[in-house]
Amino acid sequence: MSNIETLIKTLVEKHGKTRNSLMPVLQGIVKEEHFLSEEAMIAVAKELDLSAADVYGTASFYTFLDTVPRGKNIIRICKTISCHMKGKDEIIEALEDVLKIKVGETTHDKKFTLLTANCLGWCHKGPVMLVNDEVFPEINQQKAVEIIEGIAKASK
Amino acid sequence: MENKILKKVDYIFQESSINEIIDVVSKTLTKSPDDIILDIIDSGLKGRGGAGFPTGLKWKFTKNEDNPVKYVICNADEGEPGTFKDREILDTVAIKVLGGMTICGYSIGAKEGYIYLRGEYNFLLPKLNKIVDDFNKQLKSKGIDFNIFLKSGSGAYICGEESALFESMEGKRGEPRNKPPYPAVSGYNSKPTVINNVETLVYVTMICKMGVERFKELGTKDSRGSKVFSVSGDTPTPGIYELELGMPLADFIEDFGDGDTKAVQVGGASGHCVPRKHLKETIIGFEGIPTGGSMMIFNSTRSMYNVLHDYLEFFNEESCGQCTPCRVGCQQLLKGIESVKKGDRKPQYLDELKKLANTMKVAAKCGLGQSVANPFNSIVDNFREEIIY
Numbered sequence: 001m002s003n004i005e006t007l008i009k010t011l012v013e014k015h016g017k018t019r020n021s022l023m024p025v026l027q028g029i030v031k032e033e034h035f036l037s038e039e040a041m042i043a044v045a046k047e048l049d050l051s052a053a054d055v056y057g058t059a060s061f062y063t064f065l066d067t068v069p070r071g072k073n074i075i076r077i078c079k080t081i082s083c084h085m086k087g088k089d090e091i092i093e094a095l096e097d098v099l100k101i102k103v104g105e106t107t108h109d110k111k112f113t114l115l116t117a118n119c120l121g122w123c124h125k126g127p128v129m130l131v132n133d134e135v136f137p138e139i140n141q142q143k144a145v146e147i148i149e150g151i152a153k154a155s156k
Numbered sequence: 001m002e003n004k005i006l007k008k009v010d011y012i013f014q015e016s017s018i019n020e021i022i023d024v025v026s027k028t029l030t031k032s033p034d035d036i037i038l039d040i041i042d043s044g045l046k047g048r049g050g051a052g053f054p055t056g057l058k059w060k061f062t063k064n065e066d067n068p069v070k071y072v073i074c075n076a077d078e079g080e081p082g083t084f085k086d087r088e089i090l091d092t093v094a095i096k097v098l099g100g101m102t103i104c105g106y107s108i109g110a111k112e113g114y115i116y117l118r119g120e121y122n123f124l125l126p127k128l129n130k131i132v133d134d135f136n137k138q139l140k141s142k143g144i145d146f147n148i149f150l151k152s153g154s155g156a157y158i159c160g161e162e163s164a165l166f167e168s169m170e171g172k173r174g175e176p177r178n179k180p181p182y183p184a185v186s187g188y189n190s191k192p193t194v195i196n197n198v199e200t201l202v203y204v205t206m207i208c209k210m211g212v213e214r215f216k217e218l219g220t221k222d223s224r225g226s227k228v229f230s231v232s233g234d235t236p237t238p239g240i241y242e243l244e245l246g247m248p249l250a251d252f253i254e255d256f257g258d259g260d261t262k263a264v265q266v267g268g269a270s271g272h273c274v275p276r277k278h279l280k281e282t283i284i285g286f287e288g289i290p291t292g293g294s295m296m297i298f299n300s301t302r303s304m305y306n307v308l309h310d311y312l313e314f315f316n317e318e319s320c321g322q323c324t325p326c327r328v329g330c331q332q333l334l335k336g337i338e339s340v341k342k343g344d345r346k347p348q349y350l351d352e353l354k355k356l357a358n359t360m361k362v363a364a365k366c367g368l369g370q371s372v373a374n375p376f377n378s379i380v381d382n383f384r385e386e387i388i389y
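Chains as they are written, first to last, in the numbering used here: chain A, 1 to 156; chain B, 1 to 389.
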C-alpha cells in the first residue's frame, strides 16, 4: 500500500465510512500532502464507495482543497476591501519579491505557495496573512518578509 | 417611538466559567421545552447572522416536527466581508455558545449539535476542541443527553448559507438547496434542524441567565437587545463593540467616524451603502437596516468605484455558479461597471445594470445572488458620478 493509501485508510477509520466524512477526509489529506492528487481522490472514492467524479466535484468546489500541487507552506493574503485599503498590494509585492514568484505560483523548492484570499475576518487588524492555519494580523512589508524568512529558516 | 439613549453595553464578552454556564443550562432545563421556546419568542430575539428571523419561532417550527432525529447547528462560517465578531466570540466566550446550543437541543428534542467553523478560523480548533470536550463531559455528568461536535469548512463563503452549509457537512459541493423545505423540516441529513448564528446562541444563554425582562429593556421595540458590531475601515477605533440596537447611524458615526466619513457600508459586501446625507434618518436595526454587524466606514479619500469593484470581484469568485442569474449576473455587473468607467459604454448603461441586479434579486436561488443588488444599487444611486468618471 502506498503512503497516501495508508493515510486515507487511517482518516476513514477515524471519521467513519460515510459520505459525511468526505470533507474531513479530504481536509486531512490536504493537511499532510498540501493538495489532492488524482491518486488520492481515486483512493478516497474507493474507500468511501463513491465515484471519483463525485469526490473531484466536492474537492474542486472548495478553495482550501487544492487539486494542483502546492508548496509546503501556503501563504494567503486577504484581498478584500478593508485589507485592500490597509495596503495588501504592498504586502503582495514584497512577498513576490522575496519569494521570486507571482501570486498563484509555488517556489522551486516547493516550500511556499503565494495566494490571495477573500475576507479572512480580521478587517480591524488588516492587512492580514494566513500561513497554513496560522494568522498574522496587522502586518507590514517588513513584518511579512520576516515571518516568511523565519518559516523558511525553520523548515531547512 | 421610544425616546431613549442607546449605548454601548457589555454582556456578550463578560467572562463566564464553565460551571457558571452549566448552572444556567441546568436551571433552564428544569423548565419545559415549550416554556423555554415561549421565553425566547417573548424576548424578541432575532437571528444575529444578518437575516433576522425570530429565533424562538425557528425553534418552535423545528420542535413541532415529529422526528426522532433532529440537529442543532451553530453557523460559524463567518465570511461576510467586514465581519469578524464570531471569531472573537468563539475565541473568548465559546462556552456561552455551547450553552445556547444545549438549551436549543433540549427545547427542540435534538441530541446532537454541530459547530461549522470556517476553514480560515482553523487556528481556533485546538482551543475549541478542548472546550467542547470538557463541556460534553460536564453535560454527561449532569445526565444531560446532548453532544457537541466540530466541523471545519474549507474556504467557501457560500457555505454560510444554511442549506449550502448542510450540503458541505454532508460531503457535497456547497451549493444551496431549493427552499422550501426549510431547515426546520429538512436540514442536515434531511432531518429537522435549527441553525443559528454564533452570536444568537450566546444571547440565548444570556436571556436564560439574566431573564427575558432584562433583555427586553435593551434596544427598541422592533429590535430587542444588543448586537455585536464589527467596525473597520476609516475609523480611529476599529474593533468589536456591543451596542444596543436601534441606534441612528449618525450617532454611530459620531462615535466611530474619523470626522471625514463619506459613506458607511452596513451589513458587509451584501449590505447597503449609506451616504453621509442619509446617516441621520438611517436606523441600525430591524426597523431600518438590519445587519450581521459589519460596519465598514469610508472617508472622502476613498473611491466608491473601487469599493464596488472590490465587492463585485468578491461575489464573482464566491458565487457557487449553480444558478444562471447569479453566475452570469455577477460577471456582467463587474464587466459593466468596468466598461462604463473606461468609457466603452454610456453612463446610461448603469441603469441597465441596475435592472440586471434587480432581476438577480428575484431570480437568484439564494441570498448571495439576491443580495448583490443591495451594494450595487445603493452605491450606483448615491455615487453615480464616481462610477462614471
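Simulated from the structure, these hints should not be mistaken for laboratory data.
No experiment lies behind these values; they were computed from the predicted model shown.
Misleading hints may appear alongside valid ones.
DSS-like cross-link-like pairs, simulated, lysine-lysine; straight-line CA separation at most 30 Å [stated by the list, open to error]:
no., chain 1, residue 1, chain 2, residue 2
1, A, K17, B, K221
2, A, K111, B, K191
3, A, K156, B, K127
With the Cβ distance kept under 8 Å, some of the chain A side facing chain B (calculated, not the full set) [said to hold, decoys possible]:
no., residue
4, T6
5, M23
6, Y62
Some but not every residue of chain B turned toward chain A, in silico, with C-beta under 10 Å [unchecked claim]:
no., residue
7, F84
8, R173
9, G239
10, T282
11, D310
12, E313
The beta-carbon is built from N, C-alpha and C at its ideal position, and this holds for glycine as well.
Problem set entry | Proposed interface contact between B/F84 and chain A, which counts if any beta carbon pair is under 10 Å | 4 Å, holds
Problem set entry | Holds or violated: A/K111 to B/K191, with C-alpha atoms at most 30 Å apart | Distance ~44 Å between A/K111 and B/K191 Cα, so the pair is violated.
Problem set entry | Status of the B/R173 interface restraint (C-beta, 10 Å, chain A) | 4 Å, holds
Exercise. Is the hinted pair A/K156 and B/K127 satisfied, with a Cα-Cα distance of at most 30 Å?
Worked result: Given pair A/K156, B/K127 holds - Cα atoms ~29 Å apart, limit 30 Å.
For this session: Assess, step by step, whether the Cα of A/K17 is no farther than 30 Å from the Cα of B/K221, and give holds or violated.
Result: 50 Å, violated
Exercise. Against chain A, is B/T282 within 10 Å by beta-carbon distance?
Worked result: Since the shortest Cβ distance to chain A is 20 Å, the answer is violated.
Exercise. How about A/T6: closest beta carbon in chain B under 8 Å, or not?
Worked result: Interface hint status for A/T6: violated (21 Å vs cutoff 8 Å).
Exercise. Given A/Y62 was flagged as interface, is its beta-carbon under 8 Å from a beta-carbon of chain B?
Worked result: Cβ of A/Y62 sits 4 Å from chain B, so the hint holds.
Exercise. Against chain B, with CB atoms and a cut of 8 Å, does the hint on A/M23 hold up?
Worked result: Holds, about 5 Å.
For this session: Could you check if B/D310 really has its C-beta closer than 10 Å to a C-beta on chain A?
Result: 5 Å, holds
For this session: Classify the hint on B/E313 as holds or violated, based on whether any CB of chain A lies nearer than 10 Å to its CB.
Result: 8 Å, holds
For this session: Mind checking the CB of B/G239 against every CB in chain A and telling me if the closest is under 10 Å?
Result: 5 Å, holds
Violated hints, in rising order: 1, 2, 4, 10; the structure is consistent with all others.
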